[in-house]
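Asks: If you want the building blocks of each chain, they are given just below.
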Amino acid sequence: QVQLQESGPGLVKPSGTLSLTCAVSGASIISSDWWSWVRQVPGKGLEWIGEIYHYGTTNYNPSLKRRITISVDKSNNQFSLKLTSMTAADTAVYYCARWGGGLDVWGQGTTVTVSS
Amino acid sequence: DIQMTQSPSTLSASVGDSVTITCRASQSVSNLLAWYQQKPGKAPKFLIYKASSLQRGVPSRFSGSGSGTEFTLTISSLQPDDFGTYYCQHYNGYPYTFGQGTRVEIK
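Residue numbers (the numbering used here), protein chains in the order written: chain Z, 1 to 116; chain R, 1 to 107.
Bound-form chain R, shown alone (with noise of 0.2 Å):
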């Protein structure tokens, strides 16, 4: 299987800012890489696919890129409305695999 891995953990920015999350997969996944959001309780909401296209009504202050095996996610001002855990997962193969998920905090 493909492990992905998100980094950081945990991260806490006040609203305004540029926040950066970080997702590396084992082996190359090509540009097959979506990005979701999840709210505690809820279930996860889809941002991003193929590593760089976003996904109809999510706000553009939302951005991700890369390809093969590192790429991020980008929110360019921070919002309130967007903390949560993002999860980042491959496609390209079976099993699709998550990243253990970061955490974001508003300060």
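The following block holds chain Z by itself, in its conformation from the complex (with noise of 0.2 Å):
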């Protein structure tokens, strides 16, 4: 049973980096599956954030291009998400997950805010 489990810091002062890390049980994250960043403002829908293949390719969103890097750690099983210039707008649960066809198997969420 694949299990993703989201993990960083749930407050972030405004301008400073999200780093958020997901790691994946029960699958090889170098199988052929993309690996995914989601977020929800609280009472919000849902946001693409971004996705990674495990050669390292990457697909963002072009609203958030120009602040996120998304990156594998094979040795470990996990990927990551750096998110910079962070303001309240970006307050919100970051979910990791999977696609296999659609999101297929996603982490609890972390929620992360951004205040001094």
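Under 7 Å between C-beta atoms, here's a sample of chain R residues computed to sit facing chain Z:
1. Ala34
2. Ala43
3. Phe46
4. Tyr49
5. Tyr87
6. Tyr94
7. Pro95
8. Tyr96
9. Phe98
10. Gln100
11. Gly101
Treat the hints as calculated values from the structure; they're not laboratory data.
Heads up, the beta-carbon is just placed ideally off N, CA and C, and yes, glycines get one too.
Grab the two chains, each in its own frame, and use the hints to assemble them into the complex.
Replies: Written as structure tokens, this is what we have:
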């Protein structure tokens, strides 16, 4: 059974950088899957952030492209999100997910608040 | 970006009712459309892919149809556990985008 678990700080200062990690268990990150990040502003809908294939190929949401980096750590079977220049508008629940013809496996989500 | 618009925003129905949610795309997405169910405080659950294919383990009362720009999700006999917010998502090119969600309430 594939499971994903996000980890990272719950609080980030304005203009700071968010770094989140998604640990993958029950599957190899070098399988033929894309690994994704999605966020949800409290009380709002879902926003696709981007994805990575284990080769390192990435696809990013253009609205965030200048600020985001998604990377893979094969040795630890995990992938990561880095989001720079954080503002209050980036306060959200951040989910990692696997793309298997749809976002078929999700982490539980981690709440990130941007505040000084 | 392709805009996804769902209707209604909220619906209230009784157990046993058939309910339908509509999702419209601002341009054709072929059949590259997925549906998700989300309950409060939880991650979304994947229900349907390629507009009409049921994900393994999803009850058969859920069904999807459509292609191009208009899609529907139907729950044939609403059950108490079906409450939540439903989202469509296209994956016909980047960025993938979601509809704004349809909240389903049980009367």
